[in-house]
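As you go down the protein sequences, you meet chains A and B in turn.
Residue 14 is where the first sequence starts when you use the numbering used here, and the numbers rise one by one after that.
Residue 11 is where the second sequence starts when you use the numbering used here, and the numbers rise one by one after that.
In case anyone wonders, no lab produced these hints; they're calculated from the structure.
It is possible that part of the hints are untrue.
Simulated pairs of lysine-lysine, DSS-like, Cα-Cα distance not exceeding 27 angstroms [claimed, not checked]:
no., chain 1, residue 1, chain 2, residue 2
1, A, K214, B, K371
2, B, K437, A, K115
3, A, K115, A, K161
Covered by chain B, according to a simulated footprint, are these stretches of chain A (three or more residues, beta-carbon under 8 angstroms) [claimed, not checked]:
no., segment
4, 50-57
5, 191-197
All values derive from a computational prediction rather than experimental measurement.
Backbone N, C-alpha and C define an ideal beta-carbon position, used for all residues, glycine too.
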Amino acid sequence: MARLLLIEDDDETAVEVVGELTHRGYAVERAATGPAGMALARAETYDVLIVDRLLPEIDGLTIIETLRHERKRTPVLVLSALGALDDRVRGLRAGGDDYLAKPFALVELIARIEALLRRPAVGRETRLRVGPLELDLIERTVTRSGRKIDLLPREFRLLEYMMRRPDQMVTRAMLFEDVWNYRFMPDSNLVDVHMGKLRHKIDAPGEEPIIQNVRGAGFILRANV
Amino acid sequence: MFRRLRLTSFRWAVAIACTFFVCTALLFGFVYWQSSIYMTEHFDSVGVKRAEVIASMRRGEWVDAVEQRVSEDPGHQFSAGLFTPGGHRIAGNIESLPPHIAARDGAQDATVTRIDPDGRHTQSVRAVVRRLRGGEWLILGRNNQESEEIAEIIGRALALGLLPALGLAALTGAFLSAGAKQRIEELTQLAGQIAAGDLHRRLPIIERDHPYDKLSAIINRMLDHMELLVGQLANVGNDIAHDLRTPLTRVRTTLERARENAQTAEELRDAADRAIDGLDKSLAIVTALLRIAAIEHGQRTVGFGNVDLGRIVAEAAELYSPMAEDRHIRLRVASGGAAAVTGDRDLLFEAAANLIDNAIKFTPDNGQVDVAVSHVGDHTVLRVSDTGPGISDTDREVVTRRFYRADKSRRTPGAGLGLSLVAAIVKLHGFRLVISSGPGCVIEIICPD
Numbered sequence: 014m015a016r017l018l019l020i021e022d023d024d025e026t027a028v029e030v031v032g033e034l035t036h037r038g039y040a041v042e043r044a045a046t047g048p049a050g051m052a053l054a055r056a057e058t059y060d061v062l063i064v065d066r067l068l069p070e071i072d073g074l075t076i077i078e079t080l081r082h083e084r085k086r087t088p089v090l091v092l093s094a095l096g097a098l099d100d101r102v103r104g105l106r107a108g109g110d111d112y113l114a115k116p117f118a119l120v121e122l123i124a125r126i127e128a129l130l131r132r133p134a135v136g137r138e139t140r141l142r143v144g145p146l147e148l149d150l151i152e153r154t155v156t157r158s159g160r161k162i163d164l165l166p167r168e169f170r171l172l173e174y175m176m177r178r179p180d181q182m183v184t185r186a187m188l189f190e191d192v193w194n195y196r197f198m199p200d201s202n203l204v205d206v207h208m209g210k211l212r213h214k215i216d217a218p219g220e221e222p223i224i225q226n227v228r229g230a231g232f233i234l235r236a237n238v
Numbered sequence: 011m012f013r014r015l016r017l018t019s020f021r022w023a024v025a026i027a028c029t030f031f032v033c034t035a036l037l038f039g040f041v042y043w044q045s046s047i048y049m050t051e052h053f054d055s056v057g058v059k060r061a062e063v064i065a066s067m068r069r070g071e072w073v074d075a076v077e078q079r080v081s082e083d084p085g086h087q088f089s090a091g092l093f094t095p096g097g098h099r100i101a102g103n104i105e106s107l108p109p110h111i112a113a114r115d116g117a118q119d120a121t122v123t124r125i126d127p128d129g130r131h132t133q134s135v136r137a138v139v140r141r142l143r144g145g146e147w148l149i150l151g152r153n154n155q156e157s158e159e160i161a162e163i164i165g166r167a168l169a170l171g172l173l174p175a176l177g178l179a180a181l182t183g184a185f186l187s188a189g190a191k192q193r194i195e196e197l198t199q200l201a202g203q204i205a206a207g208d209l210h211r212r213l214p215i216i217e218r219d220h221p222y223d224k225l226s227a228i229i230n231r232m233l234d235h236m237e238l239l240v241g242q243l244a245n246v247g248n249d250i251a252h253d254l255r256t257p258l259t260r261v262r263t264t265l266e267r268a269r270e271n272a273q274t275a276e277e278l279r280d281a282a283d284r285a286i287d288g289l290d291k292s293l294a295i296v297t298a299l300l301r302i303a304a305i306e307h308g309q310r311t312v313g314f315g316n317v318d319l320g321r322i323v324a325e326a327a328e329l330y331s332p333m334a335e336d337r338h339i340r341l342r343v344a345s346g347g348a349a350a351v352t353g354d355r356d357l358l359f360e361a362a363a364n365l366i367d368n369a370i371k372f373t374p375d376n377g378q379v380d381v382a383v384s385h386v387g388d389h390t391v392l393r394v395s396d397t398g399p400g401i402s403d404t405d406r407e408v409v410t411r412r413f414y415r416a417d418k419s420r421r422t423p424g425a426g427l428g429l430s431l432v433a434a435i436v437k438l439h440g441f442r443l444v445i446s447s448g449p450g451c452v453i454e455i456i457c458p459d
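Based on the sequences and whatever the hints tell you, model everything.
Written out as structure tokens, the structure reads:
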């Protein structure tokens, strides 16, 4: 069972997040101030830290910087107020951790925590295999049960992203940020259209759909269909 | 504030009075100066003419002429003398040839001693001195005192005139400044009413060229703008309410119906999913609004860097290509190589995406959307044009307004926030948004280098 630490001063958000995460089977601890959070994060070992950007006394980014300085590599998900387009947050993201703007949907938070918990190993492999799907990163080819599938470059990257996260919920925002590499939320419909094209290509008539749509949340690529 | 105003108006009155008085005094001084010059010149020329008349007479008539001149003068204003070349008096009432005197054209100042029946008088005169044919001296003098007296009379008259002028000046000053004060108080009162919320009021304009009226005109224009904005704000409020109400009502109906009619957990879950969809739509509207506000109020340019607009636009177009394909719209991208601009990569992508999104939405099936990045002069221009219905001239002003949709029936998807967002992003970057209609709609973002 994964251990999580939530450093969040807003009680309402904290109660909601802790409730949802506990319900999902995580062990969650919460600190309401910067110093309390810092103390816990330094003393204990967690799998993921969820840190609010603006905290009383010590702000979230300082906590992260201090931890990194002490060579604590625990993945951190930063929560930030909407519109606070901050470069440092962007820099932080580039460092490998994630960032979520408030207000967020709980599914989005869960999906991102899961992504941090199951961060794909920086793959040396040149071939990805998930179920009947096989993707060759050098040849840029994809096959399903031996049948060759022609994909456009963007579709290829979309599928690669999904195949690196089998059986894991991927939200539209995550796809957009990581596959398109822009922080911008287009009409959810738009990602669906791209995904639809991809699914149409990988699922031949009569074949079981590999990528499943999770209503109101995102997509899951099933390893065993 | 009022104390200062009063003080200022008093100063004004004094200043106006002083100015008026000084001007009048200068005018009077000028009149005095000019009239004394005129008098002297006039008397001189009369004297010169008379001397010429005598000089032109026959020798035997000179004495009579001089004596006549003397006898014709009861007021002792004129003096005359005829002297031998050696300076001995032949005729007239001048005792002796004044020293240091020379015959010359025109008149000169001199001092002479008159012999009158009642004794000798020394007078300062304007004298005309001529040598006659045999070398004799002719001197015609005119008492300076007379012209001095006349000048004095004029001077006194003018000085008397100055007193009422001073009074008039004071009155004018008081009147003018009272007028100004009244005007300012009027404006203050009106401004107070406007500040209290009566935005329909306008300041009066009496003369177009008066400084106060010019100021009033500017303030009135400002008020027009404010009234428009406040009106827009009210409309925005209504639009938000309307746009949120529709999906929320649908969510409510969905949930209500599911509670009454759902037979299985699956059906209930399905209704919940649809409800979440509807709520997401409402949330998206709120988020977009907050985002526009954040961009509009943000002065954040620290995150700006050199970005390739051509590439950003190409990627945005690629994002929308499946959507265009589905509707058989040709989405063409023309890029003249790298186009470096200073800006925020994500926001510029968002702006480009919104423009392309709009273009596709408003273009009928089988239409065409062109996206181009080019260099025009020292500007980089992003241009999105479509074969849709275009934007009418009246709509062009208002399309960047929040929630504005040319399609009043609201059949077109989207919250109508796209162009507002683009406008906010463009403004943040210091770029320019140009909306024109070709055939179809043409929107350009002009980025100065």
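- Query: Which numbered conditions among the earlier hints are violated in the structure presented, ordered from lowest to highest?
  - Reply: Hints 3 and 4 contradicted; others consistent.
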